[in-house]
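If you're matching them up, the sequences are chains A and B in order.
Mapped onto this note's numbering, the consecutive letters of the first sequence carry residue numbers 247 to 566.
Mapped onto this note's numbering, the consecutive letters of the second sequence carry residue numbers 247 to 566.
One thing to keep in mind: the hints can contain errors.
The list makes no distinction among identical chains, and a pair is therefore deemed to hold if it is satisfied within one copy or across any two copies.
Here are the simulated SDA-like pairs of lysine to any residue, each with C-alpha atoms no more than 25 Å apart in a straight line [stated by the list, open to error]:
| hint | residue 1 | residue 2 |
| --- | --- | --- |
| 1 | 544 | 318 |
| 2 | 297 | 427 |
| 3 | 485 | 503 |
| 4 | 297 | 426 |
| 5 | 297 | 412 |
Because the hints were derived from the structure by calculation, they are not lab data.
There are 2 protein chains.
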Amino acid sequence: MGGDRGPAEIVAGAVDAASERIAPVIFGPAGLDTRGLEHVVAPDVIEMDDKPADAVRAKPNSSMVAACRSVGEGRCDVVVSAGSTGAMLAAGFRVIGRLPGVMRPAIGVVLPALRGPAVLIDAGANADARPEHLLQFALMGSIFSEEVLGIVRAEVRLLSIGEEAEKGNQLTIEAHALLAGSDLPFRGNVESRDLLRDPGDVIVCDGFTGNIALKAIEGTIRTMFGSLTEEITRTSAGKLGGLLIRPGARRLRGRLDPDNHGGAYLLGLKGLVVIAHGNSSRRAIQNAILLGARGVEKDVVGRLGARLPERTPTGAVREP
Amino acid sequence: MGGDRGPAEIVAGAVDAASERIAPVIFGPAGLDTRGLEHVVAPDVIEMDDKPADAVRAKPNSSMVAACRSVGEGRCDVVVSAGSTGAMLAAGFRVIGRLPGVMRPAIGVVLPALRGPAVLIDAGANADARPEHLLQFALMGSIFSEEVLGIVRAEVRLLSIGEEAEKGNQLTIEAHALLAGSDLPFRGNVESRDLLRDPGDVIVCDGFTGNIALKAIEGTIRTMFGSLTEEITRTSAGKLGGLLIRPGARRLRGRLDPDNHGGAYLLGLKGLVVIAHGNSSRRAIQNAILLGARGVEKDVVGRLGARLPERTPTGAVREP
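Bound-form chain A, shown alone:
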């Protein structure tokens, strides 16, 4: 039921993603045409304005909660949803549960930076966070970067509003000190203007800041492609030029288009969760499912679980 475009779009993306190695299971309302895919009937619906924690408790047969349960109980390997991020987070927390030692699960998004892929964590799970949470996000991001992206000793940077240690808000100033005192390869602050250029391998921030930065980048890319088309097609010469640059522009768009990534991992749970954009297209859903499948193949959860305890950093306070 998740996603702004309705269940048919989700089913279409799942059909596109299905292969010998991937068997999508659709969790949704009775009567839904799942086009031959396995169908688990989940009649409850979590609305965008439901309070996440309440909704997860009150609606155990919503598609999100039922799908998380199937992963928690080992019947499925990964859950992919384009529904409310808050509800998905609550469902993951309550139904799948956290890995030992994890204070707060966080969303890790792979940014298509010029120097190579970089992990932004947290991209929206924790709107308010404490310095020790940021330290643990850095650790989870590093393990993810090393194990899944294959980056050796991933460079960690802290997203702030100036490169100097004392530039930032109370949260980043305290997090800077914790990161500098940890055994992570911490390279100081990074400003949001460098996120698409050279942001390091792992960029750490609270979920509010990460979401603001990510959506500012996405919105700017979309607005710029639209405005550029408008500006250059004002003249005949520009229209011809527009045709000639189309292949190059498409390559760039393809590299930057969030639909090509499809989603982001929610890291720190005992099962794998992929969060897709609310307005995901069929192609975005397909790619989110492929991302989920790669996460299963790379055993993201197992590797985080194995390496988190060994590297729980100095200063991290485990919550009961």
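Since chain A is already given, all that's left is putting chain B on it; use the hints.
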């Protein structure tokens, strides 16, 4: 002395800005060639890593403090600086002083959104802010938008990570309630992806968030123009297309280029302050000075001073 490119670049921009209506005065070290412009010798230098408040106290003859003094004492009309924002804020606060009723001065930046100019406030003066500060930023932004940009009943929106009132962090959730209870035309939250499209007339946020969003937009624009050029010039057809679209691309670039705006107003002080980018070019400095001159002509400070007390909103707590 402010600015990453050295005093000569600042002088060049000031020479370009000079006219019958604008008489730039250069505050800088002895021996500086001010190319005929009035020169006030200010030998102290505030470094980027100086602690702002300490530096302002310890270096009364720095260019920033001396220039603020000249505005505070009415010898100049507006001060423009590309130096450390923190030091400029501290100098403005201490040497020029706040307008009656103002808790925290804030940086207002005009965004070139598709639907028309919009004011983002605070763009970086207050890395940590409280809900009542955001309410006052909204008020200052509204007065600025109405009086200077000529927008009638400027629509106020709150920058957050979801459109619903309960989406955001503790600060935005509380600020949302204050804004909704005020007499401002508040239209709810706006997400950063809409900042260049349709963000309302006044976008309110703390200075950390505003700075993150602004620099993410600027960085994305710069990276995209660079990457697009690279992608399309890979083929001969693309190179030809690149030539043909150049006029349109230049128009877009001109509209979006921060150098064309030059700077931002620091609002809430008893004198006018324009903060320019640290790496301002000669053209950016020229435009920052023109922006300052427009602010003097429009009497930004006088209008804020006259209208702030009349509209000090419900819930705002004045600091002693």
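Going down the list of hints, with the structure as the test:
| no. | hint | result |
| --- | --- | --- |
| 1 | 544 to 318 | within (18 Å within a copy, 63 Å between copies) |
| 2 | 297 to 427 | between (38 Å within a copy, 22 Å between copies) |
| 3 | 485 to 503 | both (23 Å within a copy, 23 Å between copies) |
| 4 | 297 to 426 | between (37 Å within a copy, 20 Å between copies) |
| 5 | 297 to 412 | between (37 Å within a copy, 9 Å between copies) |
In this structure, none of the earlier numbered hints is contradicted; all agree with it.
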